[in-house]
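If you're matching them up, the sequences are chains A and B in order.
Here the first sequence stands for residues 616 to 772, numbered as in this note's numbering.
Here the second sequence stands for residues 616 to 772, numbered as in this note's numbering.
Heads up, some of the hints might be wrong.
Repeated chains share a single entry, so a pair holds when one copy, or any two copies, can fit it.
To be verified - Keeping only pairs whose Cα atoms sit at most 30 Å apart, straight-line, the calculated DSSO-like set for lysine-lysine is: (1) Lys765 - Lys752; (2) Lys738 - Lys765; (3) Lys738 - Lys752.
Source of the hints: derived by calculation from the structure; they are not laboratory data.
Keep in mind that this is a model prediction, so the values were computed, not measured.
There are 2 protein chains.
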Amino acid sequence: MRPDPSVAEVEAYLHRHIPLSADMGVSVVACDAQGATLRAPLEPNINHRATVFGGSASAVAILSAWTWLHFALRAAGQEPRLVIQRNSVEYLAPITAVFEARCEALPCEMLGRFIRTLERHGKARAVMPAELRCAGKIVATFSGEFVAMKVPAREIT
Amino acid sequence: MRPDPSVAEVEAYLHRHIPLSADMGVSVVACDAQGATLRAPLEPNINHRATVFGGSASAVAILSAWTWLHFALRAAGQEPRLVIQRNSVEYLAPITAVFEARCEALPCEMLGRFIRTLERHGKARAVMPAELRCAGKIVATFSGEFVAMKVPAREIT
């Protein structure tokens with residue numbers, strides 16, 4: 616087991632490896648055994664109606680789910696290729712200010728099963744929900760299906 | 616009827632009103648009665664696997680559908696508030712280079728019905744599909760539900 620990274624480390628990782636996260640002004644509020652919370656301001660994500668562009672809302676939601684699963688697997692000593700296969704988003708209300716995407720942790724037993732499946736079959740699948748909030752109100756809901764695939768040791772970077 | 620804007624005008628509109636489109640390097644390949652095609656390069660949209668971040672793919676797909684519908688309505692003299700209510704994306708293959716999102720026009724009779732509904736009820740709804748291609752291959756499919764709402768004249772900007 617590796618220790619959990621700090622929020623600053625997670626944020627630096629995202630900004631380095633997924634530069635659009637820096638363009639969107641994404642900061643990491645939490646990333647731990649309970650879940651991941653990312654925050655993004657209005658300005659770089661604004662649209663023609665002075666609210667958050669749906670594409671930004673969707674991207675920050677995807678990122679919250681990916682981030683939690685990536686670092687949860689890393690904490691368990693796994694470094695699979697982790698990709699999104701499908702997602703859906705419901706936009707419930709205009710996002711008029713700074714917003715947060717929260718992905719709750721998979722229950723412990725589900726994460727354990729995910730890791731055992733990955734170990735045995737080289738591949739595992741999980742559906743991760745996330746919620747977007749602005750000023751305390753839920754403004755969008757997200758569900759994404761992610762697939763982890765073991766990669767040959769030489770491919771790990 | 617307003618004349619169709621040029622691709623340069625559409626691109627300038629997107630970059631000005633949705634600045635993330637400029638960060639993603641989005642260019643407008645086509646926006647006319649047949650549909651809208653947007654293009655985005657790999658570099659600003661890259662992820663930790665050196666392929667396109669799912670959030671970017673999703674955002675460019677949303678933008679292609681929104682762009683076509685926005686300019687089709689504008690050409691018909693309509694300037695409603697046009698927002699996305701839900702969307703789903705299937706990621707079929709890694710996107711390893713410059714990619715395009717193509718949203719085909721609504722069939723003429725559907726666009727006509729959409730505009731009549733908007734005129735009569737102040738609100739209309741349309742499901743817009745889009746496809747993402749990279750090197751000629753379909754790499755993702757998108758479906759988004761958009762709602763147009765008439766806005767009081769004083770709100771139009």
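Each hint tested on the structure:
1. Lys765 - Lys752: between (38 Å within a copy, 25 Å between copies)
2. Lys738 - Lys765: Result: close within a single copy only, 6 Å intra versus 48 Å inter.
3. Lys738 - Lys752: Classified as between: cross-chain Cα gap 25 Å, same-chain 36 Å, threshold 30 Å.
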